[in-house]
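Just so you know, the protein sequences line up as chains E and R, in that order. Going by numbering that gives the first Met the number 0, the residue at position 385 of the first sequence is 384; the numbering climbs one at a time, nothing skipped. Going by numbering that gives the first Met the number 0, the residue at position 109 of the second sequence is 108; the numbering climbs one at a time, nothing skipped.
Simulated from the structure, these hints should not be mistaken for lab results. A few of these clues could be false.
[Stated by the list, open to error] Derived pair list, reagent style SDA-like, types lysine to any residue, alpha-carbon separation capped at 25 Å:
| # | chain 1 | residue 1 | chain 2 | residue 2 |
| --- | --- | --- | --- | --- |
| 1 | E | Lys284 | R | Cys121 |
| 2 | E | Lys55 | R | Tyr114 |
| 3 | R | Lys152 | R | Asn311 |
| 4 | E | Lys54 | E | Cys117 |
| 5 | E | Lys297 | R | Ala457 |
| 6 | R | Lys288 | R | Ala149 |
| 7 | E | Lys24 | R | Leu364 |
| 8 | R | Lys366 | E | Val22 |
| 9 | R | Lys474 | E | Leu146 |
| 10 | E | Lys279 | R | Leu364 |
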Amino acid sequence: MTYIANTDEQRKEMLKRCGVSSVEKFFAVIPASLQPKSFSIPQGRSELEVHSFFKKLANQNYYNLISFLGGGYYDHFIPSAVDAIVERSEFYTAYTPYQPELSQGTLQAMYEYQTHICRLTDMEVANASLYDGGTALYEAFQMAIALTGRRKVVVDGGVSPIYRKMIYSYATNLSVDFRETVVIHGQTDRERLFNLIDDSTAAVITQNPNFFGAIDDHSDIVQRCHDNGALALQSVNPIACAILKTPGDMGFDIVTGEGQPLGIPLSFGGPYLGFMAVRKKLVRKMPGRIVGRTVDTKNKEGFVLTLQAREQHIRREKATSNICTNQALCALRAHVYLSLLGTDGLREVAQLCLDKAEYAKERLKAIPGIEVIDSPPTFNEFSVRLPMDAGECVGQMIEKGFAAGFPLGRYYSGMEDFLLVAVTEKRTKYEIGQFAEALEDVVCR
Amino acid sequence: MPVIFEKSVPGRRGVRLPESDVPVSSRIDARYARSTELDLCELSELDVVRHFTDLSRKNYGVDTNFYPLGSCTMKYNPKVCEDIARLDGFSLLHPLLPQLRRGGLLTQGALAVVYELEQLLCEITGMDAFTLQPLAGAHGELTGIMLVAAYQKHKKNKKSEILIPDEAHGTNPSSVATAGYSVRVVPTNRETGSIDLSALESVMGEQTAALMLTNPNTLGIFISDIEKISALAKAYDCLMYYDGANLNAVLGRFRPGDALFDIVHVNLHKTFGTPHGGGGPGSGPVGVKQHLAKFLPISRVIKRDDNTYALNYNYPDSIGYVAPFYGNFAVCLKAYAYILSLGAEGLRRVSANAVLNANYILHSLKKDYHTPYPDGCMHEFVLSARNQTKKGVRAVDIAKALIDEGFHPPTIYFPLIVKEALMIEPTETENKETLDSFIEAMIRIAKKAETCPEELHAAPLSTPVGRLNETKAAKDMDLCY
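Based on the provided sequences and hints, a complete structural model is requested.
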């Protein structure tokens with residue numbers, strides 16, 4: 000199957016205008032010595048064959064497990080209207096809105112998306128998206144280094160280990176001095192963290208809820224940062240923002256997060272959505288596209304990409320970031336999701352996650368040998384200590400039809416018997432009950 | 000059109016969630032609870048659907064209009080690929096599942112997609128190993144430069160500089176700077192439109208860590224001296240980086256791996272037909288030769304002797320994590336479906352028709368516009384509005400006039416080395432009728448520039464808004480409703 004329309008007859012006419020006898024002549028600029036040594040790609044297939052091939056592959060995946068697996072990426076309900084809107088090809092077959100007159104749809108949607116992110120986080124300005132929650136955090140600390148001229152970055156141990164691995168890879172050649180505190184289950188260890196903050200600190204990074212699910216108020220950390228001339232950075236779960244104290248309220252300077260919970264399917268790891276919001280005074284150092292509202296020659300309101308002097312296509316090696324293509328369609332998804340749910344809807348989703356997670360805690364507490372880590376308070380995810388290896392337990396739970404959670408031993412040595420359990424609004428009381436029974440069966444056997 | 004927040008009516012609901020079925024009603028401790036107002040919009044489902052449908056109508060996409068945006072390869076995005084990415088077996092799959100014990104067996108279909116697509120990309124580009132992790136083209140560049148750094152460090156080479164031609168995309172110098180290297184610009188030979196070899200020889204030295212080339216370059220010119228260039232680079236242990244932005248031009252006809260490139264990134268959203276999404280998500284897989292394979296990001300997917308697939312993290316020299324998981328998986332899935340649909344012959348037809356379509360427009364317009372390289376091009380070419388500027392008509396005026404003719408304009412003012420540049424890339428999926436009407440429109444505009452240039456200054460007139468005041472936007476910074 001190819002998607003080429005022109006017929007041989009048309010190609011002949013076109014070649015004539017170009018003054019060449021065959022298409023191969025155009026490729027004569029490629030030296031004969033550089034003809035492909037091989038090009039062993041299977042023969043093309045019909046649409047029907049391609050479709051059945053992928054259906055077969057898709058069915059080899061265990062996507063029907065009842066999921067208590069989170070780790071920062073959650074199985075939330077996605078209303079049908081999200082897909083219906085995002086599948087409009089006027090949105091998905093467009094490119095970056097360089098020509099604003101014929102991109103007002105994308106541009107206005109991005110402006111509205113920026114507004115949604117600001118309202119969720121209580122921040123002043125947001126960009127039009129970054130790749131994911133981890134790369135967003137990388138862009139954030141780079142921004143803090145550029146703004147402060149300092150090179151020490153203090154990272155709370157409660158920040159997702161996936162994000163931490165990412166930011167450390169990126170910083171390998173950048174002489175950034177990372178300091179990390181140790182957090183096991185609980186809230187940020189103030190004493191250890193404060194000891195690391197001084198007048199050489201560019202930024203402090205925290206996460207709320209943290210990787211273990213613990214929620215916290217980091218206002219005192221922000222204060223300590225500002226007293227030392229450092230910037231305060233926080234990574235947040237956007238759904239939790241509906242009911243938790245917001246990063247803006249705590250005084251954070253730069254807020255990032257993973258937008259996947261906002262109507263974006265899990266899709267085996269992507270595409271996801273990195274969001275970023277900052278104080279207005281920092282906007283000129285912010286990475287990524289930013290949409291602004293302005294007027295046209297007849298004073299009619301419209302939207303454009305703005306502050307482009309920060310960007311790579313203008314500033315080249317002096318740009319604030321190298322980002323070009325970002326995750327616009329995922330940002331549109333998040334925006335449509337938030338528009339459909341609205342204030343009460345999003346609050347209800349958050350409340351349902353909280354209540355169901357609390358119910359799951361109660362059920363799991365009743366199982367002999369299982370210790371639920373119940374303090375500090377959590378949102379939609381919590382850890383439990385099992386009387387066995389958590390990896391082994393998860394393996395056995397799969398046979399019973401459950402993705403039971405994430406074994407913390409994978410990232411934290413010494414925590415091999417801890418399991419991180421996530422509960423979203425999609426889980427029913429019945430499923431939670433079945434889960435508890437299956438878990439009891441596994442651990443008490 | 001009012002923003003969505005203006006349409007909000009307190010008390011209106013779009014989505015109704017199930018009543019809670021658990022006997023728990025918890026309250027977040029006041030210390031940790033949101034105390035500020037949450038002010039999202041309150042709308043019915045139809046309100047929301049109509050708002051976004053209205054917005055979508057204010058957009059041009061490949062499905063609605065010819066979109067010859069140079070260097071962006073705005074080809075048709077096959078619908079079957081969209082369908083495949085939506086299959087439950089892929090879209091509902093949690094990325095941590097294969098990291099659980101024996102979890103690899105739960106995701107064999109998905110791991111197969113990653114592994115087999117990597118193999119196909121190796122064969123298409125002539126490289127030995129690929130990673131799908133980079134999430135966009137520029138992200139691939141950054142990953143590639145991190146690989147350069149890892150290699151040079153491993154060889155204990157002290158190198159500080161990366162060479163980039165002056166016609167290169169802005170992401171090249173920006174990625175290099177982001178990764179901690181300094182940029183040295185190599186001029187283009189204005190006669191040939193190809194990199195200036197003697198200038199290259201004079202700037203390359205022991206300090207050069209890598210040379211980044213896009214081939215064909217952004218002028219649509221194939222750099223034929225590539226073997227000579229690569230021999231020069233090897234003499235200094237300078238790595239050769241191939242920016243795959245223009246790979247569409249040479250599919251099946253030139254493989255960077257055969258020309259001694261060490262690192263390549265490809266843009267799945269350009270060459271392999273995945274949609275651009277209004278500015279992403281894209282995908283920028285990176286391929287390397289064997290001597291760099293050990294530095295690739297983790298995790299990597301391997302195929303075992305029993306034909307099962309598994310994740311492997313055991314690469315001590317790896318640069319580490321560049322993405323949280325296995326790349327923009329759904330985008331990779333679409334590209335895999337695209338490659339399997341076309342097959343070897345189909346891919347060769349892509350490059351043939353992309354190059355023919357571009358040459359057809361070039362040869363049809365060279366009488367009416369200044370063409371710095373009029374003899375021929377690969378998949379794209381650059382026109383200059385320099386003749387039209389004598390009448391006060393600039394590239395931007397031509398672009399806006401094209402909008403009124405029903406076309407998305409070409410890329411303008413890039414590459415930077417051509418004054419008043421209009422960079423045109425038709426792609427292979429456009430038919431002759433469309434190309435002909437585009438050519439006619441361009442000629443009409445050139446005539447208008449002679450006879451009534453002021454009409455072009457007023458364009459566009461057919462769009463929901465006219466030319467927007469960008470200075471006011473940057474000054475007022477109205478970025479949030």
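Distance restraint between Lys279 (chain E) and Leu364 (chain R), which requires alpha-carbon spacing of 25 Å or less: Outside the cut-off at roughly 47 Å; violated.
Given pair status - Tyr114 (chain R), Lys55 (chain E), alpha carbons within 25 Å: holds, 16 Å
Given pair status - Leu146 (chain E), Lys474 (chain R), alpha carbons within 25 Å: Distance ~21 Å between Lys474 (chain R) and Leu146 (chain E) Cα, so the pair holds.
Agreement of Lys24 (chain E) and Leu364 (chain R) with the hint, judged by alpha carbon distance not exceeding 25 Å: Holds. Lys24 (chain E) to Leu364 (chain R) sits at ~20 Å (cutoff 25 Å).
Given hint Cys121 (chain R) paired with Lys284 (chain E) - CA-CA distance at most 25 Å: With Cα atoms ~38 Å apart, Lys284 (chain E) and Cys121 (chain R) exceed 25 Å; violated.
25 Å Cα cutoff - pair Lys152 (chain R), Asn311 (chain R): holds, 24 Å
Given pair status - Cys117 (chain E), Lys54 (chain E), alpha carbons within 25 Å: violated, 40 Å
Pairwise hint evaluation, Ala457 (chain R) against Lys297 (chain E), where the allowed Cα distance is 25 Å at most: With a Cα-Cα distance of about 11 Å, the restraint between Lys297 (chain E) and Ala457 (chain R) holds, given a limit of 25 Å.
Given pair status - Val22 (chain E), Lys366 (chain R), alpha carbons within 25 Å: holds, 22 Å
25 Å Cα cutoff - pair Lys288 (chain R), Ala149 (chain R): The given pair, whose Cα atoms are some 14 Å apart, holds under the 25 Å limit.
In the structure shown, a violation is registered for the earlier hints numbered 1, 4, 10, in ascending order.
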